[in-house]
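J.: Sequence:
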Amino acid sequence: MLRKIRLFYYNNKEKFWVTIGITVFVIVIIQIINGVIKNNREEELNNKTNESSIINSGSSKNETYLPSRTDSIISDSKVPKDRLEEDTKVIESFVNFGNANDLEGAYNLLSQDCKDEMFQTIDRFNEFYFKNIFNEKRSYDLENWDSTGNRTTYRIKYQNDIMATGTINEEFIQDYITIIEENGEKKLNINEFINKVNLEKKGQVDGLEANVTAKYNYYDYVEYDITFKNTTQGQIIIDTKDNTESVYLEDERGVNYSWFGNEIPNEKLTLNGGESISLRIKFNKLYNQNRKDNKINFTDVMINDEQNNLKIDL
Numbered sequence: 011m012l013r014k015i016r017l018f019y020y021n022n023k024e025k026f027w028v029t030i031g032i033t034v035f036v037i038v039i040i041q042i043i044n045g046v047i048k049n050n051r052e053e054e055l056n057n058k059t060n061e062s063s064i065i066n067s068g069s070s071k072n073e074t075y076l077p078s079r080t081d082s083i084i085s086d087s088k089v090p091k092d093r094l095e096e097d098t099k100v101i102e103s104f105v106n107f108g109n110a111n112d113l114e115g116a117y118n119l120l121s122q123d124c125k126d127e128m129f130q131t132i133d134r135f136n137e138f139y140f141k142n143i144f145n146e147k148r149s150y151d152l153e154n155w156d157s158t159g160n161r162t163t164y165r166i167k168y169q170n171d172i173m174a175t176g177t178i179n180e181e182f183i184q185d186y187i188t189i190i191e192e193n194g195e196k197k198l199n200i201n202e203f204i205n206k207v208n209l210e211k212k213g214q215v216d217g218l219e220a221n222v223t224a225k226y227n228y229y230d231y232v233e234y235d236i237t238f239k240n241t242t243q244g245q246i247i248i249d250t251k252d253n254t255e256s257v258y259l260e261d262e263r264g265v266n267y268s269w270f271g272n273e274i275p276n277e278k279l280t281l282n283g284g285e286s287i288s289l290r291i292k293f294n295k296l297y298n299q300n301r302k303d304n305k306i307n308f309t310d311v312m313i314n315d316e317q318n319n320l321k322i323d324l
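As numbered in our numbering, the sequence shown has no gaps in its residue numbers, which increase by one up to the final residue, 324.
If you are wondering where the hints come from, they were derived from the structure by calculation, not from laboratory data. The beta-carbon is built from N, C-alpha and C at its ideal position, and this holds for glycine as well. Please note that the accuracy of each hint is not assured.
Quick list of simulated restraints, FRET-style, between CB atoms [said to hold, decoys possible]:
id: 1; residue 1: 252; residue 2: 193; range: 45 to 51 Å
id: 2; residue 1: 95; residue 2: 182; range: 20 to 26 Å
id: 3; residue 1: 298; residue 2: 237; range: 22 to 28 Å
id: 4; residue 1: 193; residue 2: 245; range: 45 to 51 Å
id: 5; residue 1: 151; residue 2: 315; range: 55 to 61 Å
id: 6; residue 1: 118; residue 2: 230; range: 54 to 60 Å
id: 7; residue 1: 159; residue 2: 137; range: 30 to 36 Å
id: 8; residue 1: 184; residue 2: 314; range: 45 to 51 Å
id: 9; residue 1: 254; residue 2: 223; range: 21 to 27 Å
id: 10; residue 1: 263; residue 2: 114; range: 42 to 48 Å
id: 11; residue 1: 184; residue 2: 114; range: 23 to 29 Å
id: 12; residue 1: 184; residue 2: 159; range: 22 to 28 Å
Please model the entire structure based on the sequences and the hints provided.
T.: Structure (structure tokens):
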């Protein structure tokens with residue numbers, strides 16, 4: 011048997027080695043092709059990852075991510091591209107400070123109104139915002155939400171940074187950041203705080219005087235600082251709370267927005283003769299610059315056991 015195999019080999023030796031050579035050549039070519047395909051796929055994946063990093067974080071290749079639209083989502087206003095660039099650079103700096111755990115750098119970008127309103131100290135900023143947002147590396151996505159004058163509000167979605175963590179997480183933290191001009195510099199109002207407007211509006215009815223001194227716009231509500239003074243000798247009740255809709259904000263189109271009366275203790279709504287009190291009144295109104303506030307109505311004011319209506323024109 012072995013002799014027959016040897017005889018077959020010697021008679022077909024040339025064909026045998028040619029066949030082996032062709033087989034080896036084909037195998038090598040297939041391996042080369044597979045290697046090229048694999049490298050191309052890896053390169054394509056890396057390119058897509060890098061592009062995603064540029065778009066979402068603005069931190070790669072020193073490029074700043076700009077919102078894709080210059081017109082605002084909730085209004086007809088448009089923001090010039092150069093202002094978009096300036097605004098988003100400030101937001102990018104804020105996120106970079108957060109990712110670098112630079113608490114002071116991030117705090118210094120806040121406007122004075124924002125600090126006075128919610129973050130009076132850097133420790134308070136850290137406790138109620140910074141450490142909750144930047145508990146990991148963040149990328150972000152921006153949308154031009156609203157603009158008026160030199161003030162623009164952006165909706166920001168803080169996302170986990172894929173390049174830093176190596177994992178994909180579809181969860182995000184949403185906030186509204188407003189860029190304002192303060193002493194010639196761009197500053198941030200964060201935590202859904204849009205802006206503060208100083209006012210001097212008055213109203214009165216039968217011995218009760220009201221003076222509106224400031225308005226605070228937030229993304230999903232508005233607040234007014236109002237000082238009430240009882241100029242009589244008797245007791246005045248600003249609102250009895252018998253009706254949850256007795257105090258409301260009215261816009262220029264006649265639409266009413268109810269107040270958050272449950273946030274004000276009943277005893278603060280009662281004034282004895284000669285007393286004054288300053289209250290922050292909150293109304294359930296989503297911010298929209300196209301819906302101007304017209305007046306505040308207190309329709310259940312009790313003076314000398316009689317119901318009165320106090321209106322404050324805005």
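J.: Now tell me, hint by hint, if it's right for this structure.
T.: Right, here's what the structure says about each hint:
no., hint, verdict
1, 252 x 193: 45 to 51 Å, "48 Å, holds"
2, 95 x 182: 20 to 26 Å, "24 Å, holds"
3, 298 x 237: 22 to 28 Å, "27 Å, holds"
4, 193 x 245: 45 to 51 Å, "46 Å, holds"
5, 151 x 315: 55 to 61 Å, "58 Å, holds"
6, 118 x 230: 54 to 60 Å, "27 Å, violated"
7, 159 x 137: 30 to 36 Å, "33 Å, holds"
8, 184 x 314: 45 to 51 Å, "50 Å, holds"
9, 254 x 223: 21 to 27 Å, "26 Å, holds"
10, 263 x 114: 42 to 48 Å, "45 Å, holds"
11, 184 x 114: 23 to 29 Å, "25 Å, holds"
12, 184 x 159: 22 to 28 Å, "25 Å, holds"
Consistency note: the structure conflicts with earlier hint 6 alone.
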